[in-house]
Structures are given as C-alpha cells and as structure tokens.
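S.K.: If you want the building blocks of each chain, they are given just below.
There are 2 protein chains.
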Amino acid sequence: MKQVLAEIITIGDEILYGQITDTNSQWMSAELDKIGIRTVRKTAIGDSREAIVHALQAAEAIADIVLITGGLGPTKDDITKHTLADYFGAELIFDQSVLDNITRLFSARGREVTPTNQQQAYVPANCTVLQNPIGTAPGMWFERNGKVFVSMPGVPYEMKRMMLETVLPLLQSKFETPYIIHRMIKTINIPESTLSDLIESWELALPPHLKLAYLPRMGQVRLRLTGIGTDKDALLADINRETEKVVAIIGKYFYGYDDDEIETTVAALLLEQGKTIATAESCTGGYIAHQFTKHAGASRYFVGGIVAYSNEVKVSQLGVLPETLAAHGAVSEETVRQMAENVRIRYGASIGIATTGIAGPDGGTPEKPVGTVWIGYADGTQTIAKKLALAQERSLNISLTANAILDLVRKQLSS
Amino acid sequence: MKQVLAEIITIGDEILYGQITDTNSQWMSAELDKIGIRTVRKTAIGDSREAIVHALQAAEAIADIVLITGGLGPTKDDITKHTLADYFGAELIFDQSVLDNITRLFSARGREVTPTNQQQAYVPANCTVLQNPIGTAPGMWFERNGKVFVSMPGVPYEMKRMMLETVLPLLQSKFETPYIIHRMIKTINIPESTLSDLIESWELALPPHLKLAYLPRMGQVRLRLTGIGTDKDALLADINRETEKVVAIIGKYFYGYDDDEIETTVAALLLEQGKTIATAESCTGGYIAHQFTKHAGASRYFVGGIVAYSNEVKVSQLGVLPETLAAHGAVSEETVRQMAENVRIRYGASIGIATTGIAGPDGGTPEKPVGTVWIGYADGTQTIAKKLALAQERSLNISLTANAILDLVRKQLSS
Numbered sequence: 001m002k003q004v005l006a007e008i009i010t011i012g013d014e015i016l017y018g019q020i021t022d023t024n025s026q027w028m029s030a031e032l033d034k035i036g037i038r039t040v041r042k043t044a045i046g047d048s049r050e051a052i053v054h055a056l057q058a059a060e061a062i063a064d065i066v067l068i069t070g071g072l073g074p075t076k077d078d079i080t081k082h083t084l085a086d087y088f089g090a091e092l093i094f095d096q097s098v099l100d101n102i103t104r105l106f107s108a109r110g111r112e113v114t115p116t117n118q119q120q121a122y123v124p125a126n127c128t129v130l131q132n133p134i135g136t137a138p139g140m141w142f143e144r145n146g147k148v149f150v151s152m153p154g155v156p157y158e159m160k161r162m163m164l165e166t167v168l169p170l171l172q173s174k175f176e177t178p179y180i181i182h183r184m185i186k187t188i189n190i191p192e193s194t195l196s197d198l199i200e201s202w203e204l205a206l207p208p209h210l211k212l213a214y215l216p217r218m219g220q221v222r223l224r225l226t227g228i229g230t231d232k233d234a235l236l237a238d239i240n241r242e243t244e245k246v247v248a249i250i251g252k253y254f255y256g257y258d259d260d261e262i263e264t265t266v267a268a269l270l271l272e273q274g275k276t277i278a279t280a281e282s283c284t285g286g287y288i289a290h291q292f293t294k295h296a297g298a299s300r301y302f303v304g305g306i307v308a309y310s311n312e313v314k315v316s317q318l319g320v321l322p323e324t325l326a327a328h329g330a331v332s333e334e335t336v337r338q339m340a341e342n343v344r345i346r347y348g349a350s351i352g353i354a355t356t357g358i359a360g361p362d363g364g365t366p367e368k369p370v371g372t373v374w375i376g377y378a379d380g381t382q383t384i385a386k387k388l389a390l391a392q393e394r395s396l397n398i399s400l401t402a403n404a405i406l407d408l409v410r411k412q413l414s415s
Numbered sequence: 001m002k003q004v005l006a007e008i009i010t011i012g013d014e015i016l017y018g019q020i021t022d023t024n025s026q027w028m029s030a031e032l033d034k035i036g037i038r039t040v041r042k043t044a045i046g047d048s049r050e051a052i053v054h055a056l057q058a059a060e061a062i063a064d065i066v067l068i069t070g071g072l073g074p075t076k077d078d079i080t081k082h083t084l085a086d087y088f089g090a091e092l093i094f095d096q097s098v099l100d101n102i103t104r105l106f107s108a109r110g111r112e113v114t115p116t117n118q119q120q121a122y123v124p125a126n127c128t129v130l131q132n133p134i135g136t137a138p139g140m141w142f143e144r145n146g147k148v149f150v151s152m153p154g155v156p157y158e159m160k161r162m163m164l165e166t167v168l169p170l171l172q173s174k175f176e177t178p179y180i181i182h183r184m185i186k187t188i189n190i191p192e193s194t195l196s197d198l199i200e201s202w203e204l205a206l207p208p209h210l211k212l213a214y215l216p217r218m219g220q221v222r223l224r225l226t227g228i229g230t231d232k233d234a235l236l237a238d239i240n241r242e243t244e245k246v247v248a249i250i251g252k253y254f255y256g257y258d259d260d261e262i263e264t265t266v267a268a269l270l271l272e273q274g275k276t277i278a279t280a281e282s283c284t285g286g287y288i289a290h291q292f293t294k295h296a297g298a299s300r301y302f303v304g305g306i307v308a309y310s311n312e313v314k315v316s317q318l319g320v321l322p323e324t325l326a327a328h329g330a331v332s333e334e335t336v337r338q339m340a341e342n343v344r345i346r347y348g349a350s351i352g353i354a355t356t357g358i359a360g361p362d363g364g365t366p367e368k369p370v371g372t373v374w375i376g377y378a379d380g381t382q383t384i385a386k387k388l389a390l391a392q393e394r395s396l397n398i399s400l401t402a403n404a405i406l407d408l409v410r411k412q413l414s415s
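Residue numbers (this note's numbering), protein chains in the order written: chain A, 1 to 415; chain B, 1 to 415.
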C-alpha cells in the first residue's frame, strides 16, 4: 500500500509577521495522523498571490493531499480565493447556498448581512463547496490528477468543525491508508539525557518498524513510540509489548499515556479513591486551578481554591498566622504548610495543596532569588513541604511549580 | 535599500505529527520583524535528511537569512547536525568549549556528563559555534555567498536566549535593513465584518505604503497597521496620524495597542486610579486570576481571588446565601451579584468581579444551555450583572467569559 502524503499550507501575513501562533496546522496534522495520512511538510506564507501559487506547486509535487487554511475572512486583506480560482482555471461564481448559510447565521445573531459578507458567497466554479455551519467563509474542495486540495477558513473552531464533519470522512473514503499507531509515554521530573541513558538498551533493541522520539516540554519528557504496518492487530501487539517493557524501566518517572496530562492523571487517581482536592496558590496565581478546571467534569474532584496573592488575603481568607509571615516571610516552609493545611480544612477537601514563591522577574533577594518556590501538600494525616530552585523566567516558573506539586500529589496517591 | 528576507525552518517529526505546537517560529518572526527583516516563509519538516536538504535549498533560493530550529537534542532521533555538516561540506570536529559548557551546566545541577551529552560537543568544522548558556546543544552559524544560516536548539527558552543575546545582534551588524513599523490596534466585542464596514472609508483612503490586516482571535479583533519606508520619522508620523483617526472611529470597542491585552489595560487603569481587584470564579475556574498573575507586578493591583467551584465553597468561603442557590441556582443573576459583592468585601479590594456559568460540554439544561454564563461586577457603589449566551466549546467559553468581564471592568473604569 502506498503511503498517503499530505502538506499543510497556512496563509496569512499575521503568521509570517509573528502576530499570531499557528495552532491549526498542529491540530490538523494530528488528525491526519490518526487516519494514517502522513504530513510531510507544513508551509506558512503571506497573503501574496505569488507565494500562494509557488506553495501550491511545491505541495502538488510532493503530496497527495494539500490542506490550506487562512486567507478567507470577510475583510479586504484576503486574496486566497481569487488565487485558487486562477490556479484551477475557473471563474468565481455566486453560490446561493453559501449566502443562505451566511443569512441564517446573521439572523440568529440578530444582524444584517453586510455587502462585505455577500462577497463571501462567490466561489470558484469548479470547486465543491463545503458549508461552514458556524462561520461565513465556506470551505472549497478541488481535485486534479487524483490529488485533493481543500481550502478552509483560518478561524480555529470553524476549521476544526469542517475537518471533523466533512473533510476527514471524505479523505478516508477517497484514499486507502496504512495503520499508523502512536503511543505517547509521559515522564516527569527526569531530564532527557538521563532518560535516554536509562532506556538505551531497550531503545537499541526496538524492531525496525517501531520508531522512538523524545519530546521535551516544560519539565516533562514525552516519549513517542510510532509503529507503521498493514496488520493492525500485530502492530498494536508490538506497541503494547514494547510499551510495557519501557514503562517498567522508567518506573516512578512514568505518569501516563497519550492524552493524559499530569493533572488528569491526578484527577483519575482522586476519582478512583473518592477524594477531592483544593488549591491555595500564591506564585502560581490560579494556574493550577485552571489546569484542573479546563477539563470537563472537574467538579467531581476539584472543590475550589484560593488565590492568596497578598499577605492580607493569606491571613484573612486562609488563616496563615501573621507571626509566621513576620518571622519567616511568605515564601517559606512554615507558610506553605499552613496554606496547604488550612485550604484543605476550610474548603472541605480530602487534600490541600499550596504554592508560594518568587516567580520573577522581580522580587528576588540574595537569600531567596527568583525561582525560589515552596510547595505544600496536606491530607489530614501528613503535611509535606518541598523547596524548589527554578529558573529565571516567570511563565516557566509557574508551569514548573504546577508540575512539581501535581507530581507530588500523584506520588502520594499512588504510594 | 534591498529588503532583507528570511526563512524559518523548523525540524522535527513531533511538529509534523502534530504532537507539539510550533511556537518558536512565531516568536522568531516577530523578533526579525522588529529589526526590519521580513520573514517570507516558514517551513516545518521531519527529521529526515532528504527533507532537510530540500528545505535548505529552497530557502537558500529565496532568503538572505535562514534560521533553523530543532533537531539538536541529546537523543538519537536527531540528524540535523550531520546533514548540516554535509550540506556545507565539512566534517564534524570536537569542540572543547562546547564540552566545557556542558560540564559547567551539569556540575551546577550536581550531575555527571553522560556519553550522550559528550556527542553534542562535535560540530561542523566550518561553522561558528554559538554557546548555549542554559542548555547542552550549541548553536551553529554558517555563511555562504553572503547568506547566513543559523541552526539553534528547539527548546524555546534556549533558542530565545541565543537569538536575543547573539543571533539578532549579529544579523543587525551584517545586514542593512529598512524601517518597518507595526501598530496593533486592539478591539473587543465587535465582529470582524461589522468593524470592517465601520472603518471602510478610512481604510480605502490609506496611503499605499501603509497596509491593514484584520486578526480575529477569541472574541477580539486586532487591526495591524504596517508601514514600510526609509524615513523613520515620516513613517512614524504617518502611522500615528492614521491610528488616531481610526481609533476615533472605533470608539468604545477600542481598548489598547500592541502588547496591551485586555487584562493589562484593566491593570493600567486600576494602577492609575489606585484601585485593587479580587476575583470570584466559578466557570472560569482560576483562568481570570491567571490572566492577571501571569504578568509581572500583578501584586500591585490584584489582591487575590477564590475559585468557588462547588456550591459548598460558594456558601462557606464566599458567603453566597444557601436560599439564593436553592431558589435561583448557581448560574443566576442573584448568585453572581453576591459573588462579586462578597469577594470585594472579604478580600478587601476596590472591585470584585465574578463568573458563574455552564462552560460545557456537559451540564446544560433546556433553560440554561451550555454557554449560559452570568458575569458580575461590584465596586461598593453599584453592582452590575450581565448574562452571556456563548458557544459550545469549553475553552472558548472560558476565554469569552474572561473577555466579557474584563471589558466590563474596563468600561466602568473608563467612564
């Protein structure tokens, strides 16, 4: 079976000038991967006819499927549609179904269709229109010499819905694809080189159709094991066998697979044990609560938390003793212990966790430089406090602190 | 003056397979842009010799500067360095200064240098080594026919530090660049097409050396006005004049420029007026507190907040009346008013803000479908509550709720 190859083209000066991050192409390639289509290149270009034509030609040369996002908004900086029409040798024609969709969307919001929006109902004559149920710009599907080109809006949730409901099913019916299986094996609190040395002999003995990659990110290293083949069951068995081996070697640094995050691993342990958690955050400022609550169903184990940013709030709302703050300061073992213990009791949770530290870039002292952080854990039976010496960068310090306390909770719940 | 052009190449299967988002190339192009270097393409490819060579050739054909990230980690999936050595016709040679740097880093962390790390001290003979003060993989600078190629590690904070301290200054000394000035004009709570119609006659009258782009994101539309020229003062005067005009047209939907975010605009107003704020979050679950506290200096205006996720916590820690919850439910005007008023008083802030709603995907009812959200504002003189009817998607609902309440605070502080 021939491997089906895709290129993703992102159009927009805003990507080139660095005003926005392209998250679309990541999501798209992950979805293609799930159905056995391999992305071989991603190209981002500006709103320029010449660049678009060049990118289409280059993509047509190496890929079977070319997915294009961006350059379809209602405003004047968009030339994608005209360039596509020319590239495929067609005129723009008026499409009533597109205007009907725009009208429906606008009347639902109590708005009038503007002339700018009416222009969006013109599409190249030789494309198949893909309706956009939640936006005004339609998608467009072209075919030439067995290759498929799909143009979609750049607004992430519009693109995602169009991909899931229309584009991916159509691609699956058109192309025959091999099985690609990925297993992500997630580790925490072990550096990449140490992990590499630890699992070296296992890695060297991997069969040739399985490939390993190291993906470090914010204090975590994820291992991605990828298998490709035609026999799905055999491939899955191979992946499972090798995963089991390597997880045994990694031991306590391993916390989950695939879509697991450290906070969802903790959440699963809490649910399994019928426990709840509450947070008392100073330096992480609500970030840990957000890590729990960004996932649906968080109310089953997360009761709430406090962001005790000022010392006054630490005293009045969290019951930290003023004399503790006076004697040891807010960034201290004594303070973090009281924070964890008190939030547990006040919020009626099984477990209380706490953070206090100097996230930076300001606020450091010779004794407590930027990156000095205390984390605390209390479960009614014991209280644990731990000091971290982190980095210079504020957002990194916030993430690494969250990692550290969540991993401490994981270990306590697993022991 | 000839425009200096750059291409950014990102290497790594993890980008192609969609396991991680490429944030490096966004940051890099924004930095290049600041010094008048125009990024004309971004290409992401896998860890394949053939793809790397092809991308280098394509970039060499269109750009003066080629910046490469990724593919330099200590582990075995990296082939970038060998391919670069071949591409520039050189052997890999041992570099003592690189090993010294690795040894220094490891002893600071109390670790031994592993054989895997020692391999990182081999570099192509004809490159200039760029030391990596915070990581083990060195950067490499190559020149050929007046063009510059720089290979950097893919770890974001290592790459950023190398760019800021070494690469950008070297590029500025090597190339003569024009002035590019961007002005970002940020709007909130107005749809892109409405905004476009509102400012149409201004936009049509723009001088040809000024270009406008619409950048919609999560309920906000940013306008980017870009000017290019050789006379910096004249260009800046043009940008300032047109900005003043369009801001007057946009009126109450305008909230800030450039790096301003809605929360930093609110923060600036609070500081200016000597006021403080506290948050009571239910459906946003700590996200709004994190928006404030992710910025340095938040302690000057943000005293803290509560994530009142469960009804018990709303009652015990925030003083919402049990009879209110029983009669109207947690997602109601009455509840959000009490949340905002009580957090203001209990946390000793000038202003209290609150959110309660159904973020989804579960928890909706016919009367209160997913996306039903109440936001509240209290300043001691008045309390304002507002109902939102948002979307189906959890993370979008969290962002849009934060937008709405922060914009409400902005308007109150500006009126």
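Hints in this document: simulated from the structure, not taken from any laboratory. Check before you lean on any hint, since a few could be wrong.
[Stated by the list, open to error] Below 25 Å or equal to it, Euclidean Cα-Cα: the simulated SDA-like pairs (lysine to any residue) are:
| # | chain 1 | residue 1 | chain 2 | residue 2 |
| --- | --- | --- | --- | --- |
| 1 | B | Lys-211 | B | Glu-165 |
| 2 | A | Lys-211 | B | Ser-48 |
| 3 | B | Lys-245 | A | Pro-115 |
| 4 | A | Lys-294 | B | Pro-133 |
| 5 | A | Lys-294 | A | Lys-174 |
| 6 | B | Lys-294 | A | Leu-396 |
| 7 | A | Lys-387 | B | Glu-261 |
| 8 | A | Lys-294 | B | Phe-106 |
| 9 | B | Lys-211 | A | Asn-403 |
| 10 | B | Lys-211 | A | Ser-399 |
| 11 | B | Lys-368 | B | Ser-350 |
| 12 | B | Lys-294 | A | Arg-217 |
| 13 | B | Lys-2 | A | Thr-114 |
| 14 | A | Lys-2 | A | Lys-294 |
| 15 | A | Lys-2 | A | Asp-238 |
| 16 | A | Lys-294 | B | Ile-239 |
| 17 | A | Lys-386 | B | Phe-106 |
| 18 | A | Lys-294 | B | Leu-269 |
| 19 | A | Lys-294 | B | Gln-118 |
| 20 | B | Lys-386 | A | Leu-396 |
| 21 | B | Lys-160 | A | Ser-399 |
| 22 | B | Lys-275 | B | Ile-181 |
| 23 | A | Lys-275 | A | Glu-244 |
| 24 | A | Lys-211 | B | Lys-2 |
| 25 | B | Lys-211 | B | Asn-189 |
| 26 | A | Lys-368 | B | Lys-387 |
| 27 | B | Lys-160 | A | Leu-388 |
| 28 | B | Lys-387 | A | Thr-166 |
| 29 | A | Lys-160 | B | Gln-392 |
| 30 | B | Lys-211 | B | Ile-239 |
| 31 | A | Lys-174 | A | Leu-235 |
| 32 | A | Lys-34 | A | Glu-176 |
| 33 | B | Lys-411 | B | Leu-269 |
| 34 | A | Lys-294 | B | Ile-180 |
| 35 | A | Lys-160 | B | Thr-23 |
| 36 | B | Lys-211 | B | Tyr-157 |
| 37 | B | Lys-160 | A | Pro-115 |
| 38 | A | Lys-34 | A | Pro-115 |
| 39 | A | Lys-2 | A | Lys-147 |
S.K.: Could you tell me which of the numbered hints above are not met by this structure, giving the numbers in increasing order?
M.R.: Violated: hints 1, 4, 5, 7, 8, 9, 10, 11, 13, 14, 16, 18, 19, 20, 22, 23, 24, 26, 28, 34, 36, 37 and 38.
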